[in-house]
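**Student:** Chain by chain, the residues run as shown.
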Amino acid sequence: MSAFEPSRSRVPTGTDASPSRRYRLFAGLAALSLMAAACGGGSGTSAPGSQAAGSPDAGGSPAGSPPLGGSPAASALPTAAQPSPAELAEGGPEIATTIAAPEAGADIEIWNHFTGPDGAFFRGLVDRFNEEQQQCRANVRVQLGEVFNQQVVSAAVGQQLPHVLAGGYDRIPFLASEGVLSPIDDLAEQAGFSAETFPEAIWNAGVYNGQRYGIPLDTHPAVFYYNKALFDEAGLDPESPPTDQESFEAAITAISEQTEADGYQLVGSGRGGPFLVGLQFAALFYQGGGEWTNGEFTEATYNTEAGVQAAEYLGRLATELEVPVVESDQEIAAFAAGENAMVLSGIWESTRYAEALGEDLGIGLFPAIFGDGTWGGSHQLMTTTRVEESEEARQCSYFFIDWLSANSYNWAEGGQVPARNEVREAILDADPADLNATLAIIQQVAPIAETVQFLPTIPSGGDLLFGGQGAGESALQVVNATKGAQEVLDESVQFYTQRLAQDKQDYGY
Amino acid sequence: MTAVESAQPQRSLSGRIFGIGRRRRSSGGDTRRRIGESWYTPYLFILPHFLVFIAIIGIPFFLGIWISLHRSTPLREGPFVGAANYIALLDPASLHFERYWTTVWNTILFVIMSTPLLVIVGLVLATLLNQRLRGRNFFRGIFFAPWTLSVAVVGLTWWWMFSGRGGVVTRFLEDTLGSSPGWLTSNPWAWIAILVATLWWTIGFNTIILLAGMQGISADLYEAAAIDGANRWQQFRHITIPNLRPVLLLVVTLQILASFQLVGQPQLMTGGGPPPTETMPVLLHVYNTGFTGRGDLSLAAAMAMIVAVMMVVVSVINFRLFRSERA
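As you go down the protein sequences, you meet chains A and B in turn.
For the first sequence, this note's numbering assigns the number -12 to the initial residue and increments by one for each residue that follows.
For the second sequence, this note's numbering assigns the number 53 to the initial residue and increments by one for each residue that follows.
Mixed in with the good hints, there may be bad ones.
Claimed, not checked - Straight-line alpha carbon distances no greater than 20 Å define the calculated DMTMM-like cross-link-like pairs of lysine to aspartate or glutamate that follow:
hint, chain 1, residue 1, chain 2, residue 2
1, A, LYS215, A, GLU342
2, A, LYS470, B, GLU150
3, A, LYS470, B, GLU330
4, A, LYS491, B, GLU129
Said to hold, decoys possible - Pulled a few chain B residues facing chain A out of the computed Cβ check, cut under 7 Å:
hint, residue
5, LEU147
6, ARG217
7, ASN340
8, GLY345
Stated by the list, open to error - So these bits of chain B aren't anywhere near chain A, every CB distance computed over 10 Å:
hint, residue
9, TYR95
10, VAL176
11, ILE244
12, LEU302
13, VAL304
14, VAL365
Calculated directly from the structure, the hints in this document are not laboratory data.
Remember, it's a predicted structure, so these values are computed and weren't measured experimentally.
Glycine included, every Cβ here is placed at the ideal spot set by N, Cα and C.
Chain B with its partners taken away, still in its complex shape (with noise of 0.2 Å):
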C-alpha cells in the first residue's frame, strides 16, 4: 500500500483536498494507517450524503424532464408529447403563457424586494448585537426565534393579524389613523403584508450568519482605526463592510434563492390574490397546476423545469460573482 502510494505522490486530489496526504509523507516511515490512505475513504465520507442526494433531488430532477416530456397523470403512463408542454409556456399565443409569466414575474418582483430588505435588516441587527449591551444573547435569541416555526404557523399568525376583520394590525390603524388600508384585498399593501411576515420570520437567519462574520473580524483593526481618528460610521463603512464581503455574498446569494421559493406565505395569507393572481408566485401556481383538481404533473413539471433552469442561471451568477471577489 505505501508503495503504492510513494509511486504516485500526486495522485489523490482528496489527500490534497484534506492534506492528509502530505502530513503522512513529511512524517517519514510512519506505516500505520490513516484515514485517507485508500483512495476511496474520501468517497465513502461523501457517500452517505451522495445517496440522499440521489434519491431525494438526482432522480426526481430527470424524472421531473421525463415527466414534462410526457403528459402524465399520477397513476397511468402517457405519451410522448416531446417538447409540448414547454411550447405552451413559452408560446405568447398559448393560454397557458401569461399566467405562467404572470407568476415567474411576481415570485422575480418578490426576489427584488425582499433580497435587500432581509440582507439590510439583517446587517443593521448583526450590528446592534454585536455590541457590549445587557441581554444580548437574550435579543439574539428573540430574533432568530421565528425562524425556527413552519411557514403554516407563520403565514396564519399574519394572515390573522392582517385580515381585514379583527386583524390586530388592521383594528390598531383603525383606532389610531381612523382607517386602514385592507392588507390582503388590495396592492401594494398585499405584497408588504406578505414582505413583513417573511421579515419577522426569517431576518434571524441572515441576522445570526452576519453577526457570525462580524465576530470573525479582528478587534485589532477597530483599535487601529480608532486610533486614526475614524468614527462608528467609518469603522463600519471601512472595516466592517469590506471584511463581511464574502459573508455578505452568502448571505444574498442564499437569499436570493430562499425568496425564488416562496410559496407559503402567499397561499396562507392572500390565496395568491387579490384575484386574480396579484401576490401568486410561480411555485404555488406549480403546486395549483400539478396537484389540484384535474391536475397536470406534465405541465407543472414543465413550470418547474423553467424555472430551475433561471435558478441556475442566479445562482451561477451569483458564483461567479462569489469567486471575482474572493480573486
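Just chain A, with the same shape it has in the complex (with noise of 0.2 Å):
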C-alpha cells in the first residue's frame, strides 16, 4: 500500500490516540482559533460564518441554520443552540423494531447537525425514545453543521465521541477514513434493512470503500416551487406546473410579460452561489443521464455531453431568455416575496414559502429538460468507534437507530422526506385533511425520493459539485458569461481528475 492506510476502527476511542495526531489537530484549532481571534483586532477574520440561508453543505443540514448562532463555548469551536423538544403529531405507521434493547442497558450520546426547526423533532424522537423503554437512555446534543467535522474530530482526539452521528451522507467518507466510524453491516442485517426497504440511490449512499456505515433516515431533495397566483395572472393553468423545457421556457416568458414578476431568476454570485447553482447544475447534470466519476472513481467525468448541455442551458436561461441573475438566496427572497414565479430549492425551504404563499404555493418536480433527475441530500444515521467500548452501549444504539427508522414519520415533521419505504408511503396513503401543514407538503414532496440521485460516496464526492474548482463553481462562470461551458468544465475535471487519483492513492477505496 502506497501513502497511508485508513487507520479505521483504531483512532479514537482507546488510548492510541497519538500523540502527533494530538498536536496536527491542535495545529488546525490554534489556526482556526488564532483566525478568530484576529476578529477582535484590525481587519481581522472569522471562524467559518454559517452558510446563506438556503446553503447547507452537500448533503448536510437544510432548514436553514440561524446565521451565527453559536455561543463560545469551552471548546474551540463554535455550538449550536439546543432546541427544545417539538410535540410529536400522532399517526404514522406502527412499524416494529427487530433489534432489542439489551437487558443491562446503556447510557448513549447522538449528536446531529440540525439546526433548523428539525432538531427539535430530533430531540421530541428521542425522548419518546426514552419514555418507551427503560433500559437504552439517550441524550443528543446539536452541533453547528459548519464545524460538524472538526468537531468530530476533536471529540475522537479528546476521547469524548458520542456513539451515534446523525449527519448527511456526504460525511461519510471523510469521518470513516479518519477512522471515526464503526461499520454497521451487522447492524442493517440484524434489523432486516436492505435495498427493498429504501430507494436504492439511498441506500447505496451509506456504502463508502465496501462496507456500510450509514442507515438512511430521510432524503431532502430539490424541489420545484411556483406561485400559482403569478400562473394565473399570466394566463397560465395554476394546476399544471411546467413539465418539459418548452412548457418552462413558455411560462418564464410569460410571467416576465404579463406581470410585474420575475419568471425565474438564477443566483450568479454570493456565498450560497455554488450551492445553490449546484443543485440546478446537479439536476439537469442527471437529467442528461451524467455521470460524476468513472467506476473506479479515478476520473472526474463530468465535462461529458450531459455536463456541457446542462451548464449551457443554465446560461441560456440568462442570456436568451433575459432570465435575472442575481445573488445567492436572492431568488428564495423573491420567491416568497411573490416577485419571482418558479424556483428550484431545497425541501427545506418548504415551511417559510407555505408560510409567506400560503395557498398559491406549488410544488412539483423540476421540468424535465432533458429527462428525469433530481438532486437530493440524505441525512444518514452513523456509529462511531465508541460504540466498540461497550457491547451494551453498541446494542443501544443498533436499537436506537433501528427505533429512529421507524418512527421516522414524526422525522418528516421536521420537513424531511422518510427514506423508509413503509412510512412514505403511509404518508402518501394520508387522507390530506389528516395531516398537519407540513406533513401535506411531505406528501406532495414524497415521490420525488424515487428519483433523487446522490454523489459519489468518495472523500472528494461532495467537492465535486461544491467545492472550489468544482461543477457548481463552473456553472456559476457560466452563467455570469466569464467563461463557455465546455471550457471551464475541462478546467474542473483535470484539476478533480488529479486530486481523486491522489485519493485514490491515499485512501485506497
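From these two lone chains plus the hints, build me the complex, please.
**Tutor:** Have a look at this one:
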C-alpha cells in the first residue's frame, strides 16, 4: 500500500490517539482560533460563518441554520443552540423494531447538526424513545453543521466521541477514512434492512469503500416550487406546472411579460452561489444521464455531453430568456415575496414558502429539460468507534437507529422526506385532511425520493459539485458568461481528476 | 549575592533595560532585595507570555512546517512528501498555481487599497477629534465603537446593507439616482463594499492611536508657530506630521499586517466572488483548502507558510523604515 492506510476503527476510542495526531489537530485548531482571535483586532478574520440560509453543505443540514447562532463555549469551535423538544403528531404506521434493547441497558450519546426546526423534532423523538423503554438512555446534542466534521475529529482526539451520529451522507467518507466511524453491516443485517427497505440510491449512499457506515434516515431533495397566483395572472393554468423545456420557457416568458414578477431567477454570485447553482446544474446533469466519475473513481467525467448541456442551458436562461442573475438567496426571498414565479430550492425552504404564499404555493417536479432526475441529500445514522467499547452501548445504539427508522413518520414533521419506504407510503396514502401543514407538503414531495441521485461516496465526492473549482463554481461562471461551458468544465475536470488519482492512492478505496 | 553583583557590574542586559541595577548601585550600601536582583527575575516576568506564545504560535508554527512537508489529514499520519506541496504552489504548470497566486494578488490588492485609506481617514478623524469641540468624547466613542464588534456582525450587517434585494444602500441609490450598481456581484463595487465595511469597522483603532500621538505633541510648538504666522495647514504639515511620524509608522505597520489577514469580510459579504475568486483573499483560500470538503491540511499549511514568509519580509522592510526614521 502506498500512502497511508486508513486506520479505520482504531483511532479514537482507545488510548492510542498518538501525540502527533493530537498536535496536528491542535495546530489546525490553533490556526482557527488565531483566525477567530484576529477578529478582535485590525481588519481581521472570522471562524467560518454559517452558510447562507439556503446553503447547507452537500448533503448536509438543510432547515436554514440561523446565521451565527453559536455561542462561545469551552470548545475551540462554536456550538449550536440546543432546541427544546417539539410535540410530535399522532398517527403514522406501526412498525416493529427487530433489534431489541439489551437487558443491561446503557447510556448513549447522539450528535446531529440539525440546527433548524428539524432539531426540535429529533429531540422530541429522542424523548419519546426514552419514555418508551427503560434500558437505553439517549442524550442528544446539536452541533453546527459548518464545523461538524472538526467537532467530531476533536472529540475523537479527546476520546469524547458520541455513540451515534446523524448527519449528511456526504460526511461518511471523510469520517470513515479518518477512522471515526464503526461499520454497521451487522446492524443492517440484524434489523433486516436492505435495498427493499429504502430507495436504492439512498440505501447505497450509506456505503463507503465496500462497507456500510450509514442507515438512511431521510432524503431532502431539490423541489420545484411555483406561484399559482402568478401563473393565473399570466394566463397559465395554476394546476399544471411546466413539465418540459418548452412549457418551462413559455412560462418564464409569459410571467415576465404579463406580470410584474420574474418568471425565473438565476443565482450568479454570493456565498451560497456554488451550492444554489450547483444543485440546478446537478438536476440537469442527472436528467442528461451524467456520471460524476468513472467506475473506479479515478477520473472526473462531468465535462461530458450531460455536463456541458446542463451548464449551457443555465447560461442560455440568462442570455436568451433574459432571466435576471441575482445574488444567492435572493431568488428565494423573491419567490417568498411573490416577485419570482418559479424556483428550484431545497425542501427545507417549504415551511418558509408555505407561510409566505399559503394557498398559492405550488409544488412539483423540476421540469424535465433533458429527462428525469433530481438532486438530493440524505441524512444517515452512523455509529462511531465509541460503540466498540461496550457491547451494551453498541446494542443500545443499534436499537436506537432501528427505532428511529421505524418512527421516522415524525421525523417528516421536521420537513424531511423519510427514507423508509413503509413510512413514505403511509404518508402518501394518508388523507391530506388528516395531515398537518408540513406533512401535507411532504406528501406532495415524497414521490421525488424515488428519483433523487447522489454524489459518489468518496472523500472528494461533495467537492466535485460544491467545492472550489467544482462543477457548481463552473456553472456560475457560465451563468455570468465569463467562460464557456466546455472550457470551464474541462478545467474543473482536469483539476479533480488529479485530485481523485491522489485520493485513490491516499485513501485506498 | 551582592558580592557577585558588584563583581560583575556590566553583567545584566535586563538590568540595563530595566534601569534598576544602576539605581541600586548608586544608592551605595543598600542590601535590600529588589526586583532584578536575581539574573532570572526578568525572565520570570516574560515567562507567562512566552509560554502562551510557545503554545499558540511557536509550536503550531513548527508543526505547520512539519505538516506542509507531509500529506496529512487531521487524524492520520501522512507520508513525507518533501517539498511537493510547495512545488504544487510554485510551479506555474501546477493546477494549484493559478488560484493560489490569484488569491495572493487579491490580498496584496486589498493591502494596497486599504492601508492608505485607513491611515489617511484615521489621520483626518484624529485631527478633527483633537480640537476643542463640544461632545468630543462622545464622537471619540462613536468612532471607536465599531472596532469592538466581531467580524461576523460587521460582515453580515454590511452584506445586508449592500445586498441587491432590500439592501439599504442599494435602495437608497435606486430611489435617488434611479439605479444602483450590483455592489456584491461585480467589481470594482465588490471591493468598494468590502473597503467601506472595513473602514467603518476598524477606523476607530487607527484614529485613537493617532489621536494619542497628537496629544503627546507639545502645545508650545503650535503656539510658537502661530506667533511666527503659520496657518493651520502649515502647523499640521510642519509640526503635527513630523512629530507624529513614529506613531504613523506604527499605524502603517499594524495596518499592513491587519489587512494581510483579510478573511471575514469577503467570506461573509461576497463569498470570495464575483465567481470564481475576484475578491477571495489568500487566507480564505487557505481555510477553504484545509477545512472544507475533503480538506487538504498539508497543502493549506504550505500555502500559509508562503504567506508567512511574505509577511515576515514586509515586516522586516517596515522595521527597517521604522529604525531609519528613528535614527
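**Student:** Going back to the hint list, which numbers does this structure go against?
**Tutor:** Nothing - there is no hint that the structure violates, so all of them hold.
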